[in-house]
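Novice: Quick mapping for you: the protein sequence lines, in order, are chains A and B. Residue numbers for the first sequence, in this note's numbering: 1 to 195. Residue numbers for the second sequence, in this note's numbering: 1 to 501.
Each hint should be verified, as a subset may be incorrect.
Quick list of the computed label-pair ranges, beta carbon to beta carbon [what the hints assert, rightly or not]:
no. : chain 1 : residue 1 : chain 2 : residue 2 : range
1   : B       : VAL371    : A       : TYR61     : 51 to 59 Å
2   : B       : VAL480    : A       : LEU191    : 55 to 63 Å
3   : A       : ASP71     : B       : ILE485    : 34 to 42 Å
4   : A       : ASN186    : B       : TRP465    : 48 to 56 Å
Partial selection, computed: residues in chain A whose CB lies under 7 Å from chain B [as the list claims (entries may be wrong)]:
no. : residue
5   : GLY45
6   : PHE74
7   : LEU94
8   : LEU97
9   : LEU125
10  : PHE132
11  : PHE138
12  : GLY145
A short list of chain B residues far from chain A (calculated; beta carbon distances all over 12 Å) [as the list claims (entries may be wrong)]:
no. : residue
13  : LEU7
14  : GLY13
15  : LEU24
16  : VAL222
17  : LYS244
18  : GLU250
19  : LEU287
20  : GLN342
21  : LYS386
22  : SER470
Hints listed in this document are in silico derivations from the structure and should not be mistaken for laboratory results. Note that this is a predicted model, so its numbers are computed, not measured. Where is the CB? At the ideal position from N, CA and C, for every residue including glycine.
Each chain, written out:
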Amino acid sequence: MSSASTQGASEAPWAEPSGPTADPPRPTDTEQRRSGGGFWAGRSGLVVPAVLAALSTYLVYGMVTMPVGEDTDFPGPRFYPMLLAIVGYLLALLLVLEILRKPEHPEQDEVEYRFYSDWKAVAWLVGGFLIFAVGIEFLGWIVAGALLFWCVARGVGSKRPIFDLSLALVFSSLIYLGFAVGLGLNLPSGLLGGL
Amino acid sequence: MESLGLLAEGFQGALTPMNMLWVLVGCLLGTAVGVLPGLGSSMAVALLLPMTFALDPTAAFIMFAGVYFGGLFGDSTMGILMNTPGQGSAIASTFEGHKMALAGRAPQALATAAIGAFIGGMTASVVVVFLAPRLAELSALFGPQEFFALALFAFVATSSVVADSAIKGLASLIIGLAIATVGIDAMTGVERFTLGAPQIFDGISLITVTVAILALGEVLHVASRIKRDREGEQINASGRPFLKRAELKEAAPAWARGTAIGLPFGVIPVGGSEVPTFMAYDVERRLDRRRKDPQFGKGAIRGLAAPEAAGNATTGTAMGALLALGLPVSSTAAIMLAAFQQYGLQPGPLLFERAPDLVWALLASFFVAMVVLLILNLPFAPLWSKLLLIPKPYLYAGITVFCGLGVYATSGRIFDLLLLLGLALLGFLMRRHGVPLAPLMIGMVLGPLAESSLRDALLSSDGDWSVLVSGPIPLVLYGVLLLIILLTVRSKVVNRMRRDV
């Protein structure tokens, strides 16, 4: 963060402020340090045009399979998505070119990591949320919510699993009391409902 | 002076005990998320959006306005004390503000920021009270081509000006627009892009997208870096947070200039208050260089006062543009527009006719919120920094659980929870690769308007495209848009040349 703010002083006021990723790439020094990374170093950003192209393809697929009546007037339901798909493909192409030409190296840490992102932490969060989403009706809000809380705390770096578990249960129970009992939200009671 | 009468009625509507409570809740919450690094008012509003179905519209919007303004009051606190601005709008205040704190003037810096935000916000609220009804009358003349021009203006300006790469900004926009096309086409009743899944016949829920992109995606991003980014050190801010007469005199012109710079940016959709805060900072720096004893770099009070005033002035007039034109200029404003749609209200000229109680109570609540925020922030700013004592794992765990709660409570479906997770991953990828999120939100919210007005215009003209540029209002809008783009390109080129030399 700190370097983002010091740079912002001297250059574009419009620079995206959020975190190290927003820093302009400085190819000269980072490329030397990352020379061992191979083609994908600094080019993981290709995932963005990939998403965009996939989305445009989905739009095209949807347009082809769309049941449109013969008598629909000119700007029918396909017209606007078609514009989006064209622009989407175009932007994906431009992004690919930009990233191939100028790889983006995020700011280097003092310690070298293989990946810029801490995928283990992300996996804890995503895994926890998946269990929560799938299990909420069976397990009930209190258990599923506590599990989610515990997984996230764990992923973000808490080192006290037993304490976390009790805290998580207290937290999700309080929400249940406040929102389901108090405000009348429809939260499933699940397993505990049968007791 | 009709506005004053209506405003007086608005105060009567706003000053009920329940509504005062919502103002207070909003202000407390906004300041809290503003203070916590990495959280912004857009996340707070996103998490609160599902609450809308439990509140009446007036209460909900009063609370949202409190959060929106409170976020701006709070985010400079941490910028000043720790050099970690919470969101883009606080970066400009951080430069001199943090230096003031380093020089042992932390309480004064916090006071300068709070008073600046108050002045900017108050002035903007007054401007909105008088200008918004006029704007609404103007927009009553809008037909489909005018609305399309307005939407296009918002799209292009937000995605090309804010992002450091215009292509990335536009990519984000297209993703948002595409998400908004899913569901049954309102004009022909044709099912689009649903793969036959009945859960999305009505489209992908705005609440799900908002919570995913701005809250859960943000948590994923924080988690991916939290063990690797070092924490800043916090400067102790004990002492009386009051300014001496000489300091007040020094800061006053900067507050005024900052406010003046910030006001017009509320109606220009360039992504909220980042651009005006930097402009205000830059103006003060230039003026400072001409003085005998330049203060910049040593903790200049003016370098902090101006951006703070500009930031809140922009936020204030942005609310005016949102109410009168239905034009969101930042992601927080886009979520508020989404909230209006949840209640079946469409901001714009009709809002002032159909729901005057709501509009004027909301406008009156701005003034109340400003006073409440000044009280909350001026004497208690150092107290707010104690929020950092909440252990990070529990903070983010709590936010995640609230994401799940909000989406499940409004949809009651596992499907939406899975959708939430998928979209959050998308938001995370975008954040990781420097793709701005505001264009996606604005595209999602304004997309349906853009499509229907484009098709209406073309239908009425039998497919003649020139209808889009007929009439003075679209021409003016496209002209201003072109001007903004040219100025952006120019400033980018100038910056690149400076960097190369």
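Novice: Could you check the structure against the hints above and give me the numbers of any it violates, in ascending order?
Specialist: Those not satisfied are hints 8, 11 and 16.
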